[in-house]
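Here the structure of chain E is known, so what remains is to put chain P in place on it, guided by the hints.
One line per chain: the protein sequences are E and P, in this order. End of the first sequence = 301 in our numbering, gap-free, step of one. End of the second sequence = 602 in our numbering, gap-free, step of one.
Quick caveat, the hints were computed from the structure, so don't treat them as lab data. Incorrect hints may appear among the rest.
Result set (EDC-like, lysine to aspartate or glutamate): computed pairs, CA atoms no more than 20 Å apart in a straight line [unchecked claim]: (1) P/K460 with P/D427; (2) E/K192 with P/E525; (3) E/K76 with E/E113; (4) P/K493 with P/D513; (5) P/K493 with P/E457; (6) P/K460 with P/D448; (7) P/K493 with E/E225; (8) E/K192 with E/E156; (9) P/K493 with E/E224; (10) P/K437 with P/D472; (11) E/K192 with P/D513.
2 protein chains.
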Amino acid sequence: MSVLVVGSMAFDSIETPHGSADRVLGGSAAYFSLAAAFFAPVRIVGVVGRDFPEDHLTALSRSGVDLEGLQRAEGKTFFWHGRYHEDLNVRDTLEVQLNVLEDFVPHMPPGYEDTEYAFLGNMHPDAQLDVMSRLKRPRLVACDTMDHWIHENPGELRKVLERVETVVINDSEARMLSGHNNIVRAARAILKMGPRVVLIKRGEYGVFQFSDDATFVVPAYPLEEVLDPTGAGDSFAGAFMGCLASGAGTGDRALRRAIVYGNVTASFTVEDFGPRRLIALEREEIDERYRRFVELTRFHD
Amino acid sequence: MSVLVVGSMAFDSIETPHGSADRVLGGSAAYFSLAAAFFAPVRIVGVVGRDFPEDHLTALSRSGVDLEGLQRAEGKTFFWHGRYHEDLNVRDTLEVQLNVLEDFVPHMPPGYEDTEYAFLGNMHPDAQLDVMSRLKRPRLVACDTMDHWIHENPGELRKVLERVETVVINDSEARMLSGHNNIVRAARAILKMGPRVVLIKRGEYGVFQFSDDATFVVPAYPLEEVLDPTGAGDSFAGAFMGCLASGAGTGDRALRRAIVYGNVTASFTVEDFGPRRLIALEREEIDERYRRFVELTRFHD
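Next up, chain E with everything else stripped away, as it sits in the complex (with noise of 0.2 Å):
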């Protein structure tokens, strides 16, 4: 099964203490897809500008992404430039120039509306129930947020929440949204909005997965060397949703699964700048961190 991201595109410009990268390849369905493209073929709605280089597109197309829902819009790329404190954990924004994602009207090819499975990336909740409605027999719809919709667009988000099934955020985000400090409490918040699934990343710390019916918690996979956490989040979302596409199904045992192929696949985003490490990266190193983290946190037999 294919799945299908709506997101930003962007350019990135990035400090962290071990370095810096300028201008490279970013956005949430860039890391979304090269992620997901290791275990299911991946549809892309969402927006370049002309100064895009055709480089950028290569890569994800060789990956196994469908481009023809990327719009290439008259205007420059959105760009954002972040740095990353000594715990890199914190970060500041330093610049965000909006471009052509400002007018951005996610636009579906045809076809692309049969897709049953589709992550709605960070944006506009407006956005994100758009793409919702002409979605013709979704099996599994998730999404991201971030607290600018949390405090600018409650009302719409709402809405949104109401009619996913599954919500992947970060745990700060989760706070935000709940109004509660504790992950558990927060959790069981959001899930009273509608989802039935809440997913909630905790970066260095893993992931915390909260439903009706199960509850799973799993630390990230250790890393020695962390050079730039920008688009970890992303890439964890583009291997989970990709996992549950590639059949696995939507059932507590798949899920699981599928949390912890984002969770290792995300562990190699961090270890280089931008998406270098995932446009480099082979599914067999995959599959060997699986099992190796299998080692690493087992306990019961």
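Below, chain P without anything else, positioned relative to chain E:
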């Protein structure tokens, strides 16, 4: 097998966003003992003042703790007063009165020197070395420490680390001791200082175990209500050591199981103020939560 613990006995006054407790039973040896006693007989080496109530001693001996090595000195019991932030991972020490702990010299009753499993709670490294030198047939000696000794007595602390089997410290202390922010690097650096196993306590994020031949990473038991984190780390260490001393041995499989038992036991401690929950706890509740934890973390079969 018995477990020996050398550490502080205290009165704690605790403030958290959820309430407070005044002059309750505290100290690393108290929490350690109450937790370890669920698994094995415990021997305390420590000191209290004349103001220490008989009730506290009764609570300990009823749990199966041998108090022969607990000195009663002229003067007042060690006192700690702390306040936790809204983020319970952060706390301020408002007052410390060392009192009888100031001149404490560990005294080992006859028979204690034969104990094979020993835990050197957070105290002056010279006192830890002294206790170690008296153990006739140590099988597993573990130690804790804190920022004060890392900064003030690095030379003496290094001697302790050269001789212990296992170090049990929290993540901020691991970073301080090693000079590395990354937890894997920190653990690797501490391993080079001498111990065979490094156990890093990450509070609500679980535990990271590192040794030359095995790495183990496990999340904490997710709790909906944390009232007071005081004593969680010492409860973890107590259940961990008690579990090993109960006959599980010191192999990789036994270590992992003991770590999870430590995790699960500590999850009870934080559910109420001071050691209240730990004192009321039944072994069957620990086993039940252990089984639940297996379900919460299982993803591969």
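Each hint, compared with the structure:
{"no.": "1", "hint": "P/K460 with P/D427", "result": "holds (9 Å)"}
{"no.": "2", "hint": "E/K192 with P/E525", "result": "holds (16 Å)"}
{"no.": "3", "hint": "E/K76 with E/E113", "result": "violated (28 Å)"}
{"no.": "4", "hint": "P/K493 with P/D513", "result": "holds (10 Å)"}
{"no.": "5", "hint": "P/K493 with P/E457", "result": "holds (16 Å)"}
{"no.": "6", "hint": "P/K460 with P/D448", "result": "holds (16 Å)"}
{"no.": "7", "hint": "P/K493 with E/E225", "result": "holds (18 Å)"}
{"no.": "8", "hint": "E/K192 with E/E156", "result": "holds (16 Å)"}
{"no.": "9", "hint": "P/K493 with E/E224", "result": "holds (16 Å)"}
{"no.": "10", "hint": "P/K437 with P/D472", "result": "violated (32 Å)"}
{"no.": "11", "hint": "E/K192 with P/D513", "result": "violated (46 Å)"}
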